[in-house]
Amino acid sequence: MSESRKFSLPILGEVDRRTAVKAGAATLGLAAWAAAIRPWFEWTAELNPDEVLQKHYRELTPEQLQVILNKLTDEARKQSGKPAVVKDHKPIPGVSFAYALNLSICIGCRKCAEACHVENNHDRPSHQSYIRVFEMQKGGIDFEKGNANYDHPVPAKDKYYMPVQCQQCENPPCVKACPIEATWQESDGIVVVDYNWCIGCRYCEAACPYHARRFNWEKPQIPANEINPNQSYLSNRVRPQGVMEKCTFCLHRTREGKLPACLEACPTGARVFGNVLDPDSEIRWVLENKRVFVLKEELGTKPRFYYFFDK
Amino acid sequence: MMIRQETVSYLRFLRRSLHVATDGGWLFYAWMLVLTAVALVGANAWAVQVRDGMIRTNMTDHVSWGLYIANFTFCVGLAAGGVMMVIPAYLYHDHDMHEVVIVGEVLAIAAIIMSTLSVVVDLGRPDRFWHLIPGIGKFNWPMSMLTWDIIVLNGYLLINLHVVGYLLYTRFRGAEPNPKWYVPFVLLSIVWAISIHTVTAFLYCGLGGRPFWNTALLAPRFLASAFVSGPAFILLVLRVVRVGTELPMSPGPARLLVQIIRVAAVVNLLMLVSELFTLFYAGGAHLASARYLFFGDHGKYGLVTWIWTAIGLNVVGTILFFTPAALERGWTRVAACAMVIVGIWIEKGMGLIIPGFIPSTLHEVVEYAPSLTEWKVTAGIWALGLLLLTAMLKVTVAVFTNKLSALAEIPPVSSSS
Ligand code: SF4
Ligand code: SF4
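Protein chains in written order, with our numbering: chain S, 1 to 311; chain D, 312 to 728.
Source of the hints: derived by calculation from the structure; they are not laboratory data. Incorrect hints may appear among the rest.
[Claimed, not checked] Computed Cβ-Cβ distance ranges for the label pairs, DEER-style: (1) L325(D) / G300(S): 52 to 58 Å; (2) R58(S) / A486(D): 49 to 55 Å; (3) A690(D) / G300(S): 51 to 57 Å; (4) G300(S) / A486(D): 55 to 61 Å; (5) E297(S) / A593(D): 19 to 25 Å; (6) G300(S) / S561(D): 52 to 58 Å; (7) L53(S) / A690(D): 31 to 37 Å; (8) G641(D) / E46(S): 53 to 59 Å; (9) T526(D) / H152(S): 34 to 40 Å; (10) V345(D) / H152(S): 27 to 33 Å; (11) A717(D) / A26(S): 24 to 30 Å; (12) G140(S) / K611(D): 22 to 28 Å; (13) E51(S) / R573(D): 42 to 48 Å; (14) N70(S) / L528(D): 50 to 56 Å.
[Stated by the list, open to error] Reference excerpt, derived from the structure (chain D facing chain S, CB under 10 Å, subset only): (15) A356; (16) V430; (17) M456; (18) L457.
Ideal Cβ positions, reconstructed from N, Cα and C, are used throughout, including at glycine.
Could you put the whole structure together from the sequences, leaning on the hints where they help?
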């Protein structure tokens with residue numbers, strides 16, 4: 001320890017041998033700390049400083065938002081090698097979305113879950129999707145007897161199938177939980193996440209009663225040629241690491257007047273989607289003429305996702 | 312002029328405190344070295360986790376909170392329990408207690424820092440921490456329970472820092488502390504201690520979709536267990552201080568702590584029994600998680616060993632506290648303390664947070680056991696907390712034994728450890 005005699009901390013004043021040794025130890029300690037947290041700096045070096053200081057989505061001026069969209073578009077093009085665009089789709093006034101699913105004809109083929117996986121630029125290795133399809137025992141609606149990991153030809157005898165995704169609750173517990181308003185409900189009823197604002201505390205995931213939220217445990221991996229180039233800021237753009245995501249009723253499609261990818265993929269026509277404020281819509285007809293029900297009604301979350309049986 | 316003198320004197324206090332806090336015998340240095348090493352391992356594991364993503368943990372979308380939040384819950388309890396020393400001292404004017412009260416508050420400071428760190432390491436994006444700062448971020452208050460928790464925890468930290476700082480600094484100057492400047496804060500800290508643990512309980516029991524947490528008994532159970540783990544930890548600290556330093560200590564306060572623990576431990580066990588009874592006798596949505604926790608479900612038994620270990624430790628620990636030997640200094644008391652601390656750490660963590668997620672809200676049973684990264688980071692947080700605690704205790708003891716005093720001209724070169 002003889003070299004450490006050279007060190008001295010001005011603040012310590014009395015520079016006896018002991019103090020010098022301590023100062024040496026402190027210097028060594030600091031060096032060790034710097035070495036220990038080096039991976040942190042490897043990570044921050046890749047961060048974009050503008051993004052680190054970016055304001056909340058709803059506080060951005062149109063100009064600021066445009067700058068961000070341009071930058072994201074550039075990134076998406078680089079990443080996919082395609083003429084990708086990241087747009088910002090605003091809710092359409094006078095529209096309130098709802099979804100209904102006919103359990104009598106759903107056959108549990110999981111085509112909807114697969115379509116979601118592709119449409120929404122989900123992580124490939126984990127086969128992520130916003131939809132989970134449960135194989136249920138006929139005779140009740142008891143998830144305890146359900147199974148989402150079935151692996152046999154469908155439909156199986158004495159079973160029916162229940163796809164579950166975000167219910168776009170009118171009274172969403174996830175939104176209440178978030179400490180920083182990184183997730184909120186828009187005027188058409190869709191609950192969205194600002195991926196550039198979320199801190200990844202996962203309180204919303206604990207709060208959601210429908211297992212609808214997904215966390216990016218690592219940077220999503222998608223081969224360039226499989227990336228969906230039609231992207232939106234609040235929905236299917238490739239998500240950053242460490243933030244929350246969820247089903248957005250494909251707002252990048254539905255706010256352009258198209259149907260959700262899961263609905264288009266369904267081979268049986270079990271899914272009905274539309275604007276409940278439009279009296280001539282199919283969804284309105286279903287809600288008025290079928291005995292529809294929602295999941296966990298007792299929680300008071302008021303889902304916009306309805307289920308019904310034909311018979 | 313006055314202010315200038317004050318500042319100089321205060322800076323001198325800080326400088327001398329730093330000196331005292333880093334000075335000791337070889338045992339002290341060895342202890343600090345080991346703690347630093349563990350903290351470094353933890354810091355490294357955390358930095359890697361930030362770089363590679365939370366995939367380094369074993370958490371999933373099914374079990375989305377794990378060891379970190381478990382440890383957070385325990386540390387909040389420890390912080391609340393730390394102030395339990397204060398109640399008898401100030402409400403009943405028990406003068407023996409006054410000198411040791413500060414130990415409880417020092418413990419509270421270290422525990423709050425540990426709980427804050429436990430949340431920080433749980434964030435997927437710690438670089439965006441500033442979003443949580445009211446004013447520049449977007450603080451979802453009063454809607455989100457988490458914002459309430461952030462407020463009460465920080466408030467508690469400030470109160471305790473003030474009380475400890477004020478008492479030590481006045482002692483250092485050789486002055487009598489002015490009750491006006493600390494008694495109101497001490498009383499406030501008692502109420503506040505209850506609030507931090509209650510609000511933390513609300514964090515979980517406010518979630519309607521998680522029936523295992525959605526019980527009115529959660530907050531009272533939190534408090535009861537905090538009144539066990541806090542005083543038990545203080546008893547251990549007092550023992551180290553008594554054996555390792557020259558601070559004279561009367562046996563009275565420790566006896567009082569044992570009495571507090573006796574009552575709280577029994578209440579805690581009673582509430583556990585009543586909850587178990589309601590669960591298994593009446594059934595209900597609550598049952599699935601409880602069944603998995605205590606007996607396993609669908610051929611999965613991940614938490615069974617944990618919870619029965621916890622119950623075993625808590626029951627034996629409580630029995631030990633009721634033996635006459637627990638009132639005396641000795642190993643019975645130490646063993647009892649260690650048992651209830653570990654028991655409650657499991658019960659409030661692995662036994663409370665994890666089963667809230669198993670089965671999931673759609674009744675899927677996905678198991679969870681912490682990864683090596685999570686263990687390293689958690690150990691690192693404890694090491695850092697103990698480092699802080701040790702340093703603060705060194706200063707406290709030095710002030711109370713008049714080794715660290717403005718009146719003593721030459722600072723003592725070394726104090727025992
Ligand atoms: S289903 Fe879950 S994620 Fe979707 S709005 Fe409701 S609480 Fe939020
Ligand atoms: S994970 Fe993100 S969206 Fe969810 S509560 Fe935390 S900050 Fe809000």
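Against the structure, the hints:
1. L325(D) / G300(S): 52 to 58 Å: 54 Å Cβ-Cβ, so the 52 to 58 Å window holds.
2. R58(S) / A486(D): 49 to 55 Å: Hint holds: Cβ distance 53 Å, inside 49 to 55 Å.
3. A690(D) / G300(S): 51 to 57 Å: violated, 42 Å
4. G300(S) / A486(D): 55 to 61 Å: holds, 58 Å
5. E297(S) / A593(D): 19 to 25 Å: holds, 22 Å
6. G300(S) / S561(D): 52 to 58 Å: Given a distance of about 56 Å, which is inside 52 to 58 Å, the answer is holds.
7. L53(S) / A690(D): 31 to 37 Å: holds, 34 Å
8. G641(D) / E46(S): 53 to 59 Å: With a Cβ separation near 57 Å, G641(D) and E46(S) satisfy 53 to 59 Å, so the hint holds.
9. T526(D) / H152(S): 34 to 40 Å: For T526(D) and H152(S) the Cβ distance comes to about 39 Å; the hint holds.
10. V345(D) / H152(S): 27 to 33 Å: violated, 55 Å
11. A717(D) / A26(S): 24 to 30 Å: holds, 25 Å
12. G140(S) / K611(D): 22 to 28 Å: Holds - the Cβ-Cβ distance for G140(S) and K611(D), about 23 Å, lies within 22 to 28 Å.
13. E51(S) / R573(D): 42 to 48 Å: Given about 55 Å between the Cβ atoms, the range is violated.
14. N70(S) / L528(D): 50 to 56 Å: About 54 Å separates the Cβ atoms of N70(S) and L528(D), which means 50 to 56 Å holds.
15. A356: holds, 9 Å
16. V430: holds, 8 Å
17. M456: holds, 7 Å
18. L457: holds, 4 Å
Consistency with the previously given hints fails for numbers 3, 10, 13, ordered from lowest to highest.
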